[in-house]
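Each chain, written out:
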Amino acid sequence: MTADPVELAVEAVRYEVDGHTLLHGIDLTARPGETVGVVGPNGSGKTTLLRCVYGALRPTGGRVLLDGADAAALGVKDRARRVAVVPQDAAGTFGLTVGEVVAMGRSPHKRFWEQDGPQDARRVAEALETVGAAAFADRRFEELSGGERQRALVARALVQAPGLLALDEPTNHLDIRYQLEILGLVRALPVTGLLVLHDLNLAASFCDRLYVLSAGRVAASGPPERVLTEELLAEVYGVRTRVGVHPDTGAPNIVYVPQG
Amino acid sequence: MSRRRAPAVVLLLAAALAACAVAGLALGPVRIPPAQVLDTVLDGPGRPGAFASIVWDVRMPRVLLGAVVGAGLAVAGTVLQALVRNQLADPFLLGASSGASAGAVAVIVLGAGAGVLGGIGVPLAAFAGSMGALVAVYALARRGGTMTTGRLILAGVAVQYVLSALTSLVLVLAAHPDQMRSVLFWTLGGLGGARWDELALPAVALLLGTGLLIALARPLDLLLAGEEGARTLGLDTGRFRAAVFVLTSLVIGVLVAYSGAIGFVGLMVPHAARMVVGAGHRALLPVAALGGAVFLSLADLLARTAAAPEEIPVGVVTALVGGPFFLWMLRRSTRTEGVAG
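Order-wise, the sequence lines are chains L and U.
Sequential numbering from 2 applies to the first sequence in my numbering.
Sequential numbering from 36 applies to the second sequence in my numbering.
What the hints contain is simulated information worked out from the structure, not anything from laboratory work.
No experiment lies behind these values; they were computed from the predicted model shown.
One or more hints might be untrue.
Straight-line alpha carbon distances no greater than 25 Å define the calculated SDA-like cross-link-like pairs of lysine to any residue that follow [claimed, not checked]:
| # | chain 1 | residue 1 | chain 2 | residue 2 |
| --- | --- | --- | --- | --- |
| 1 | L | K111 | U | V279 |
| 2 | L | K78 | L | A91 |
| 3 | L | K78 | U | L247 |
| 4 | L | K78 | U | F280 |
| 5 | L | K111 | U | L282 |
| 6 | L | K78 | U | G261 |
| 7 | L | K111 | U | R317 |
| 8 | L | K111 | U | G261 |
| 9 | L | K111 | U | I249 |
| 10 | L | K78 | L | D121 |
| 11 | L | K78 | U | A343 |
| 12 | L | K78 | U | D271 |
| 13 | L | K78 | U | V197 |
| 14 | L | K111 | U | A209 |
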């Protein structure tokens, strides 16, 4: 019952707010099943772009296409069936349990008044197991640590069975083991993945292609080994780096050279 | 986990409500032994005898109205808290009850529409008043896209004061003492005027409203995920919120038209219910409804027996319990801003 991987095309998307232009006409594509990373310095527009893709923001120019159809024309529920979001964090939930929060992911597939059946319960249990959250399914969501919450939110997105998974820094609260596990999981899933990432080495290891944003524009795009060069990183981030090759994966491996 | 407790909790509360009802029928200026209360109730209405008249004609409408209003206010409070994502919301504190009072008083005193609409003119005006107040508070509190606890409470209190003052003003200026109930009734609430022929509408509003809201438990839960979260999970938050505002105003309006503005039931009961069965609305709403019925039944019992033969407005009793409770929650929520923010 999982949706087919979505083909994503972002065409000349602009976003302005209060006279500031946060995105200056971004073009981005993700083929079905591809894992695409968006990297860039703070304030470069990564999260804004992601929010335009999943519909929290309405682009002031350009459009977002899901399988060739304009996403702005989709109803809220149709969109939620195709695009699931893992936000950086979630606000207070009045004491809903982790299991209840994860089960929310079934909502786009249900009528308002419909209750979850045994099928749904099984999906929720599986997703909790997958992200290593089964042990705290009955705890209150807001009592969890940041990393545990993040895993629960990944489970919620899995339960949503989307064609496109949009993740906003899905690893920023996670310890290294879960960073690797969650990113490996996203990559292995039969979905198109769009990830905003801070850690360039993780981006290089887990993404098929990268877009580097700088001040609301695409500074470079392509496979990690072509994009993550010492010159580009110096230009975009203003830092000195040495880019080598990861001994096992062959992906670019970046080490930072201390300033001065 | 806690949700699995819900059936047991519902049974327990139903038993408590039955006990409260018996006490409500037994106590008063004439004390009737509980066994005789039960006999009288089981005999049915219309039998001869002094007890039968007291139980059936005097006390039972009041006991029933108290249960209905308590349940409805608790349900409305639960839902308002989800709508504004703030556990300090309550029909009274957000001005909805005062809005309903103002609407009801306007129609009664000014006679506007009363002739055309007959019996439902007053509840209809109360519904309009409560919705107007909620919309005003929501708009005032939300300016700038975010809603802080401070702004919500201030907007609610300000709107409530203005509407209560208007209500009092109209009542004082009006020279029709026989056609209106007192300022105290409309601003603090009272169940003393309960009559059999006025019970149907509140009961229908309660059952219909609560039933619909329980059916909408899933999207109500989604509201707890926040505006953006709810939308990414497929809920058209703007439309849903508007629909639930209307439904909640309807329940509040109809109840306030018959009970006046009773505060704090919708604040305390949902909070207590969440602690027992969790925040999922499918279990929470029935438990809150029964809990509200029990709470207001007890409060009314206290209101009419504590200072007998004087009667205390029931809203004074709920405020004496609810005010400190509110302060306690305010302290807690400012310490863990996650709940309030």
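How the hints compare with the structure:
1. K111(L) x V279(U): 19 Å, holds
2. K78(L) x A91(L): The given pair, whose Cα atoms are some 20 Å apart, holds under the 25 Å limit.
3. K78(L) x L247(U): It holds: about 21 Å lies between the C-alpha atoms, which stays within 25 Å.
4. K78(L) x F280(U): 21 Å, holds
5. K111(L) x L282(U): 22 Å, holds
6. K78(L) x G261(U): Holds - the C-alpha atoms of G261(U) and K78(L) are around 16 Å apart, at most 25 Å.
7. K111(L) x R317(U): 15 Å, holds
8. K111(L) x G261(U): It holds: about 19 Å lies between the C-alpha atoms, which stays within 25 Å.
9. K111(L) x I249(U): 16 Å, holds
10. K78(L) x D121(L): 18 Å, holds
11. K78(L) x A343(U): 58 Å, violated
12. K78(L) x D271(U): Status holds; Cα separation ~7 Å.
13. K78(L) x V197(U): This hinted pair is violated, its Cα atoms lying about 40 Å apart.
14. K111(L) x A209(U): Cα-Cα ~53 Å, so violated.
Going down the numbered hints, you'll see the structure goes against 11, 13 and 14, while the others check out.
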